[in-house]
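Asker: Sequence:
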Amino acid sequence: MTKIDIEKVLETCLLAGKIMLESDAEMYRVEDTMSRIALASGDYRLVSYVTQTGLFVGLDGTSTIRMVQILNRSINLEKVSRINQLSREYVTGFLTLEELLEHLKALEQERKFFPLWLRFISAAVVSGTIMILFGGVWADLLLTCLIGGIGYILYYASLKVLRIKFLSEFLAAFFIGCAAILSSQIGLGANQDMIIIGCVMPLVPGVQMTNALRDLLAGHYLSGVSRGTEAMMTASMIGFAIAFVFQLFY
Numbered sequence: 001m002t003k004i005d006i007e008k009v010l011e012t013c014l015l016a017g018k019i020m021l022e023s024d025a026e027m028y029r030v031e032d033t034m035s036r037i038a039l040a041s042g043d044y045r046l047v048s049y050v051t052q053t054g055l056f057v058g059l060d061g062t063s064t065i066r067m068v069q070i071l072n073r074s075i076n077l078e079k080v081s082r083i084n085q086l087s088r089e090y091v092t093g094f095l096t097l098e099e100l101l102e103h104l105k106a107l108e109q110e111r112k113f114f115p116l117w118l119r120f121i122s123a124a125v126v127s128g129t130i131m132i133l134f135g136g137v138w139a140d141l142l143l144t145c146l147i148g149g150i151g152y153i154l155y156y157a158s159l160k161v162l163r164i165k166f167l168s169e170f171l172a173a174f175f176i177g178c179a180a181i182l183s184s185q186i187g188l189g190a191n192q193d194m195i196i197i198g199c200v201m202p203l204v205p206g207v208q209m210t211n212a213l214r215d216l217l218a219g220h221y222l223s224g225v226s227r228g229t230e231a232m233m234t235a236s237m238i239g240f241a242i243a244f245v246f247q248l249f250y
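For the sequence shown, our numbering gives the first residue as 1, with consecutive numbering after it.
For the record, the hints were derived by calculation from the structure and aren't laboratory data.
The C-beta atom is built at its ideal place from N, Cα and C for all residues, glycine as well.
Among the hints, a few may not be true.
[Unchecked claim] Straight-line alpha carbon distances no greater than 35 Å define the calculated DSBU-like cross-link-like pairs of lysine-lysine that follow: (1) K105 x K8; (2) K18 x K8; (3) K160 x K18; (4) K79 x K105; (5) K18 x K79.
[What the hints assert, rightly or not] What follows is a set of in silico ranges between Cβ atoms, one per label pair, in the way DEER data are often shown: (6) G93 x L142: 47 to 57 Å; (7) W138 x E99: 24 to 34 Å; (8) V204 x N72: 18 to 28 Å; (9) D32 x A190: 44 to 54 Å; (10) Y156 x E108: 20 to 30 Å.
Turn these sequences into a full structure, and let the hints guide you.
Answerer: Listed below in structure tokens is the structure:
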């Protein structure tokens, strides 16, 4: 394999890993995908070091090492699934290395997001159904959906402005707590506790908690602990906001 080919293999592996990390994929999945691409490119063993904020890759037996910094992370499981499919097609011979690299570059530039109205509806549905599942009354369903949807939109909008994830979660949970208590006090809501529980569910870091546990079980202790810490910080900010609201009203 020539120097140019080695550089291209490393570029492809690095780009695939970068997109997966930015899409909140598990560390072992990132390493496995990059290793399979390198192995199919010329029976090379990939040496990698993966963290939430950086990615280092190299090929065993060569002196070339590449790295990339991970600045932004969001949950995009569709991209993770598409990279898995592209890597399978490359390993089985349906794609060449050049074609795989072009597909990955196009995927990196893709900025498809669900529209704001659909995010509102999704958060509203999750809030209302969780409230019912936890023992709430049907009379609070529409109110819970409305508060939950607005709370999530507030989180999304404040994140765009403040760019501080934990502060945005605090503000959204604070609004949810105030809205639920005030609604109950004026007679619109019957059970403020169930309304709050349902409305904060779209903010709960379920994916981060799951990935942290899976990384720990796979032996990636550094990433598992860091993901778990992030999830705990998010849960703490939500809890602090609700506790602060109760201190204000009672």
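Asker: Hint by hint, note whether the structure agrees.
Answerer: Now the hints, each set against the structure:
1. K105 x K8: Given that 35 Å is the threshold and the Cα spacing comes to 13 Å, the pair holds.
2. K18 x K8: With Cα atoms ~15 Å apart, K18 and K8 stay inside 35 Å; holds.
3. K160 x K18: Roughly 22 Å between the alpha carbons, so the hint for K160 and K18 holds.
4. K79 x K105: 12 Å, holds
5. K18 x K79: Status holds; Cα separation ~11 Å.
6. G93 x L142: 47 to 57 Å: 54 Å, holds
7. W138 x E99: 24 to 34 Å: Check failed, 54 Å falls outside 24 to 34 Å.
8. V204 x N72: 18 to 28 Å: Hint holds: Cβ distance 21 Å, inside 18 to 28 Å.
9. D32 x A190: 44 to 54 Å: 50 Å, holds
10. Y156 x E108: 20 to 30 Å: 23 Å, holds
When each numbered hint is compared with the structure, a violation occurs for hint 7 only.
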